[in-house]
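Here the protein sequences come in this chain order: V and U. Heads up, the first sequence is in numbering that gives the first Met the number 0, so the first residue is 0 and it goes up one at a time. Heads up, the second sequence is in numbering that gives the first Met the number 0, so the first residue is 0 and it goes up one at a time.
Hint data in this document are derived by calculation from the structure and do not stem from the laboratory.
With a straight-line Cα cutoff of 16 Å, these simulated EDC-like cross-link-like pairs (lysine to aspartate or glutamate) come out:
1) 611/V <-> 149/U
2) 319/V <-> 266/V
3) 135/U <-> 106/V
To be clear about the criterion: a stretch of chain U counts as covered by chain V if any three or more of its residues have a C-beta under 8 Å from a C-beta of chain V, and this derived list gives those stretches:
4) 9–21
5) 39–48
6) 94–103
7) 114–122
8) 134–145
Some, not all, of what chain U presents toward chain V, calculated at C-beta under 8 Å:
9) 36
10) 65
11) 110
12) 111
13) 125
Treat the numbers as computed from the prediction; the structure is a model and nothing was measured. Idealized CB from N, CA, C, for every residue including glycine.
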Amino acid sequence: MASRKTIYVDSDVLVIGGGFGGCGAAYESRYWGRDKKVVVVEKANIERSGAVAQGLYAINCYMGMQWDENKPEDHVRYARNDLMGLVREDLGYDIARHVDSTVHKFEEWGLPIMRDPENGRYQREGKWQIMIHGESYKPIIAEAARKAATEVYNRIMVTHLLMDKNKPNRVAGAVGFNVRTGDFYVFRSKAVVVSAGGASHIFKPHSVGEGMGRTWYAPWSSASAYALPIRVGAKMTQMENRIVLTRFKDGYGPVGAYFLHLKTTTENGYGKSYENTWYDSIKAMVGDYVDQQPVPTCLRNHAFLKEVQAGRGPIRMVTKEAFKDPHKETIGWENFLGMTIGQAVVWASQNIDPKEINPELVMSEPYVMGSHATCSGAWASGPSDYAPDDYQWGYNRMMTVEGLFGSGDTIGGTAHKFSSGSFTEGRIAGKSAINYVNDLGNDQPEVSEDEYMSLKELVYKPLENYTVGRNEITSGTVSPSYILPIQGLQRLEKIMDEYVGGTSTDYLTNEPMLLRGIELLTMLKEDMSHIGADSLHQLQRAWELNHRVLASECVTQHTLFRKETRWPGYYYRGDHPKLDDKDWHCFTLSQFNEKENSWSMEKAPVHHIIDK
Amino acid sequence: MSTFVYMTSCDGCGHCVDICPSDIMHIDPTTRRAYNIEPNFCWECYSCVKACPQNAIDVRGYADFAPMGHSVRVLREEEKGTISWKIKFRDGREKNFVSPIRTTPWGSIKGPAEYDDPNTQEYATQQLAHEPDALKIDSLPTISRNQFVEGPL
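Please put together the full structure from these sequences, using the hints given.
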């Protein structure tokens with residue numbers, strides 16, 4: 000390992016992950032910190048990285064305050080309803096009040112936003128969504144981030160955060176390796192903003208062959224958003240709140256534009272509508288939450304699932320009528336081409352023209368994320384002007400670790416931020432990080448050489464495991480001494496799928512299953528020290544897997560802790576099949592202790608700031 | 000689907016290697032041309048297809064659920080500011096779509112440091128860059144912390 004070069008990078012603000020959250024953090028850090036060194040580090044290339052690499056056809060979070068379309072309060076109500084009552088309303092309000100300024104900047108920068116020909120306003124797809132031609136959404140935002148950052152480091156996989164050697168519970172930087180050169184990087188920074196990706200591929204996907212990459216969320220979303228803060232003891236919240244998406248079959252093409260703009264509906268395999276069939280049984284599970292409008296996404300999933308279980312699948316989207324209008328047909332196709340090209344490929348390959356055939360829908364495998372319609376992530380401090388004391392212990396968006404900030408998938412409790420809200424949250428975190436750095440004065444964090452040198456050895460261990468173990472065997476992929484990253488990943492996906500509520504149990508789990516899952520995850524975590532990587536690319540896969548395993552353990556602990564079924568359609572606790580507002584109208588918080596390899600769980604109160 | 004590279008078109012320039020978000024486009028040391036080293040980690044995002052100056056990269060739908068004989072081709076023209084798609088069905092039907100990708104020249108974004116320095120007193124407020132002007136309303140909304148209630152509504 001001594002042969003690996005160590006490169007030191009010093010900064011005031013280190014942004015980990017150059018997706019929308021990270022680009023927002025870079026932009027705002029520079030605005031408020033003109034003399035500060037702002038560094039962005041990204042495992043791919045920020046030009047096309049993160050969840051928006053492929054583009055988007057809509058911005059799903061825009062208030063339209065300039066036209067009195069919505070108020071921030073309305074968005075809090077919407078997100079709260081969709082999440083069955085549990086969101087951090089302080090954080091959600093904060094994003095909603097700022098998000099319009101973000102979107103207006105995007106348009107000024109050159110993002111083509113469609114206009115309603117009748118009133119000249121942005122073209123609404125739904126109450127919160129506006130339609131864009133977003134093929135180059137990410138390159139445009141990346142251009143702004145590059146102009147803001149002092150330096151952007153592409154192709155560096157960050158593996159661990161570094162803590163201050165003098166003051167406990169304070170962050171001091173991060174380490175990682177360059178996927179091309181193999182050099183070891185030590186980032187020493189006064190503040191760190193984690194803006195990495197949420198978690199795909201922790202549950203077994205429907206497609207397991209060549210098509211396993213066609214997960215709904217990008218396969219490069221490797222749970223670094225969670226693993227990085229978890230490992231240093233940051234408190235996490237709502238990690239059980241995984242999301243399951245109803246999407247077009249196999250390609251996972253989006254349905255939002257179809258439901259909201261094209262006004263299409265769903266039907267069962269016999270051409271009948273079915274959602275109302277399940278109203279009474281849903282009401283028995285969750286009470287009045289079923290009467291909210293719009294109906295919470297998880298409950299619509301539940302009706303889908305029950306209908307298929309009753310033997311009346313497949314569920315289809317009724318597109319034939321809408322697609323007779325050539326304008327709507329164009330929107331339907333461009334919607335895919337703009338953000339899920341694979342769905343167009345599936346339809347072309349199977350001769351599915353939605354003008355003639357109502358295409359099949361499917362419920363996806365679960366994902367864990369904090370930016371889309373669920374709110375897993377780190378427990379963060381709220382805005383100082385109104386957040387209640389329980390939610391405020393420092394700078395806005397600072398986690399429970401000093402100097403450690405987050406945005407996008409990383410921050411918990413703030414569902415429905417999407418691309419514009421993630422960038423906005425990055426901006427909030429970026430400004431806070433600059434204030435934090437300004438306030439540090441002479442009391443500055445210092446990394447420990449012992450710590451980063453021992454991490455250096457750990458980071459490259461999979462290469463050594465492979466080199467040594469490979470000599471034992473003639474050829475092939477089966478070794479008694481190591482497992483390959485893909486083999487470890489498939490074991491993880493199988494455990495999560497079978498014990499923690501994946502597709503093969505129809506999202507059902509219970510305490511004995513979760514406890515068994517934890518036993519198997521513990522062994523997988525131990526086996527992480529025997530991962531073998533034959534190249535730097537596989538070393539990246541090894542560390543992605545490592546992050547996924549730690550995040551999965553956290554998800555499982557949270558799922559075990561919450562003894563109710565809060566979100567039927569996302570997952571079910573068979574031993575606690577109903578929503579229980581008496582005991583569980585609260586957030587779940589976890590904290591990992593790396594030294595003792597143990598988890599502690601607690602409840603935190605839900606404070607509502609907005610009335611019904 | 001996954002990407003593949005045509006032997007006669009690829010010149011090994013490495014644009015795809017540089018752009019792939021999944022780090023799966025690599026140069027084969029023998030042929031000195033690009034190839035997809037890990038098709039099962041391909042999200043079919045087309046970043047490499049769009050970036051290829053030789054149009055050497057194409058996509059074949061995932062073997063495990065996409066029947067053969069289809070194609071979805073793309074041409075991204077930065078200077079023109081458009082993206083053009085040609086979809087060919089297995090049975091030969093075709094569909095074509097063209098969309099704008101950007102309304103301003105590439106490189107024209109004004110960086111945050113090119114604006115006037117913020118006032119000292121603005122650091123302690125909730126205001127972000129360009130606000131309240133960029134909100135296009137008079138002031139940043141806020142609420143009272145006394146509004147909070149605990150428990151189910």
